[in-house]
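Q: Listed here are the chains, written in short residue letters.
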Amino acid sequence: MTNFTFSAISELQPNLWWLSIPFIIVLFLALRAVNQSIKNSVLKSLTNHVFLSISIIALLLVNLNLPYTQFASHSKLLSWLLEPAIVALALPLYQQFTHVRKNLLLIVATCSLGIVNATVVAFLLSILFNAPAQLSASVAALSVTTPISLIVTDSLGGISSLAAALVIFIGLLGALFGFMLFKLANIFNHESQGVAMGTACHAIGTAAAIAEHPKVGAYSSVAMALSALLTAIIVPLLYPFLVNILL
Amino acid sequence: MKYLLSSAIILLCLALAKLIMHFIGGSFPAPLLAMVILLALLLSGIVKEQHVKPCASPILNIMPIFFIPAGVGFIEHLGLIKSHWAFLASVVVLVPITTLLLVSSVIAYFKGRENND
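As they're listed, the protein sequences go chains A and B. Using our numbering, read the first sequence as starting at 1 and increasing by one per residue. Using our numbering, read the second sequence as starting at 1001 and increasing by one per residue.
Don't read these hints as lab results, they were simulated from the structure. This structure is a prediction, so every number in the text was calculated from the model and none was measured. Idealized CB from N, CA, C, for every residue including glycine. You may find that some hints are simply not true.
[Said to hold, decoys possible] Computed cross-link-like contacts, DSBU-like style, restricted to lysine-lysine with a CA-CA straight-line distance of at most 35 angstroms:
1. Lys-76/A / Lys-215/A
2. Lys-215/A / Lys-1048/B
3. Lys-215/A / Lys-1111/B
4. Lys-44/A / Lys-1018/B
5. Lys-102/A / Lys-1082/B
6. Lys-183/A / Lys-102/A
7. Lys-76/A / Lys-1082/B
8. Lys-39/A / Lys-102/A
9. Lys-39/A / Lys-1018/B
10. Lys-183/A / Lys-44/A
[Said to hold, decoys possible] Covered, in the sense of this in silico footprint (three residues per stretch, anywhere, with C-beta under 8 angstroms from a C-beta of chain B), are these stretches of chain A:
11. 54-61
12. 188-202
With the rest of the complex left out, here is chain B:
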């Protein structure tokens, strides 16, 4: 019963989000809207944590299995990757370095560089 309720909540949020996106149009991904809807329901207390947990926890636990097939899809674009390897390599290096430095320095500016806890 608790599994049924939990999966029904998740699927209803997804269905509602798809319906909304169908009517307003645009390319915003429906699953993300569904995630925001479910978060709003949880924060407002309409849906309780224990209502979603029975299905959500096992799904989240094995989540990578669901995107492994999609992830393997890059082998369809090996030619494109080869011809732009320098661009892709600089993205992979510079994006994390600049993001790590920017975020950590801004917080260090407010909270100090040393460990204060």
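So here's chain A without its partners, still in its complex pose:
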């Protein structure tokens, strides 16, 4: 009887292989094609393909009551490829470096300042809200592109998947409201807007910056690449330091 029940349950739990790698690839490519065909910049940010892919898969898993662990083990190959992909980020970083040699000092300095600010603000909020250590580590590296955030958060002992979701939300908010904020603050300089967008709102913000003006987009791309490198250097040192002096 017990055996029968077990086999019945395992038959009811469908094998998830189709929902992992094939589904992720098809969904992502389809949503990206849709996103790329949209011209309106607000609509483009709202239909961001990374945001939609993650939301759709999360909704499916939760609503169909499918275990995440099974989904994760089926898509292990993709997660494994994230490591060489991060190494490959050195290429855009190198390409951007050659563009900004003359402005490099100011951009590196402000970009670092932005990253320190993001980590400190998140840390102060975690003290204010009395958040558990695991959550406070999860919000330490949010001012950077998702793969770097994942891996830095992991090394700090935070929940990397939560950090990834927050990073994407921050990118969306920046893309939607960032330029309104610049208007309110009376800042119209292309370099100011671009570097701020790239530092704070990474790829999603950069896409909005490119739509705003090509020059703003160029500065945003530079800042996004730099903030990947600078976050990797600054946050693993800064966060333990903050924990030591403030907790």
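Assemble chain B onto chain A, guided by the hints.
A: Below, chain B alone, put in the same frame as chain A:
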């Protein structure tokens, strides 16, 4: 052949970084160290852009596919997210606002607020 060379460079950097982290210990992520190593090789001219490009470009083009599985993992922590939603919401709002304002104002201080180009 060019794909082989390109993937070999990337994987060698990764392997070297893992080896270094294994010996010095600590929690610094090895892929990030590998990225810095590859950047140093590119900047010093030891590795040329066209050597890395054949594999790096397609990988970067579909990069989000590699972190979508990890990103979905937040559904394992829905309880924690629910009980700290106010904290998380204020982080998501205040971190980008303060960072955007700080970075743009500092550059505007040096370069002016208006468009000068």
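Q: When the structure is checked against the list of hints, which entries are broken? Sort them ascending.
A: Hints 1, 4, 5 and 9 not satisfied by this model.
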